[in-house]
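Student: Those sequence lines, one after another, are chains L and A. Mapping the first sequence onto the UniProt record's numbering, position 9 (from 1) lands on 9, and the numbers just tick up by one. Mapping the second sequence onto the UniProt record's numbering, position 51 (from 1) lands on 51, and the numbers just tick up by one.
Hints listed in this document are in silico derivations from the structure and should not be mistaken for laboratory results. All values derive from a computational prediction rather than experimental measurement.
Identical copies go unnamed one by one, so any copy, or any two together, can satisfy a pair.
Below, computed lysine to aspartate or glutamate pairings styled on DMTMM-like, alpha-carbon distance capped at 25 Å:
1. Lys101 with Asp58
2. Lys101 with Asp81
3. Lys101 with Asp4
4. Lys101 with Asp60
5. Lys101 with Asp90
6. Lys101 with Asp83
7. Lys101 with Asp63
8. Lys101 with Glu34
The lines below spell out each chain.
Number of protein chains: 2
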Amino acid sequence: MDQDVHIITVAVDDLDAARRFYVSGLGWRPLFEEPGEIQFYQSAPGQVLGLFDAEALDVDIGDGGVHSRPGGFTLAQNLHDADLVHRTVDRMERAGATILKQPQPAAVPGMMHAYVRDPVGIVWEIAHNPGWRIDDDGAVVFDAPDAG
Amino acid sequence: MDQDVHIITVAVDDLDAARRFYVSGLGWRPLFEEPGEIQFYQSAPGQVLGLFDAEALDVDIGDGGVHSRPGGFTLAQNLHDADLVHRTVDRMERAGATILKQPQPAAVPGMMHAYVRDPVGIVWEIAHNPGWRIDDDGAVVFDAPDAG
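Bound-form chain L, shown alone (with noise of 0.2 Å):
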């Protein structure tokens, strides 16, 4: 099995939100979208984010059982300097996210975070990690912090 994800699918009870927040809020462009259904945004080279009407990936895993309570995970985004988690953070919370955690300083060495939750229950990372670059061919480098 190749090491790749093609598509986040998470569930959402309310698009209509999670497009003010995305589309009206931050300005982010919908690859394609089918009202009350599913919204795709790109997220990374060949990657999508898809937002899908809860009761609808329920019935599309079709298990019986309930799989549309976010939780569990988080999304992050490493920008480039502590300024810019700022004015990310600000901007999220002008659109309608929660703060969870004002930036400050992370437990990795030199790293500053904050925890931020959008109006429809995906929790973001907003970060400054300087041991974190990606080369020019997509690899990610990950200095692992120095114990000493």
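Starting from the known structure of chain L, arrange chain A on it as the hints suggest.
Tutor: Just chain A, lined up with the frame of chain L:
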């Protein structure tokens, strides 16, 4: 706020089980790991999937909430043909996953898919959708299903 996801972090109760499934079972290679704490796997250009000890994630978010029950999301792979869907689902099952939905036609015309839960609770959709392709620059091109 840029339209990017750099990290998908999932709360995991049993990181050893995660390692047995992804590394020993599926042949994935961690980019970085801290035993008992986190495993990072590159999941797209410029992006990692992070499996994070569930209690540590709650502590890291730090708002007093419980964020450590995976639910309300799926990760998906869109594969080249239907045969590869069957082979991937078989391999996941041999590695310890549970099939929630056997490979079968999906709602989108011409598409087939299956749902599989890994041993730590992540639900994967394994699909072949002929209307999905990735351009050389990483742009996802999504042909909306023809309603006619």
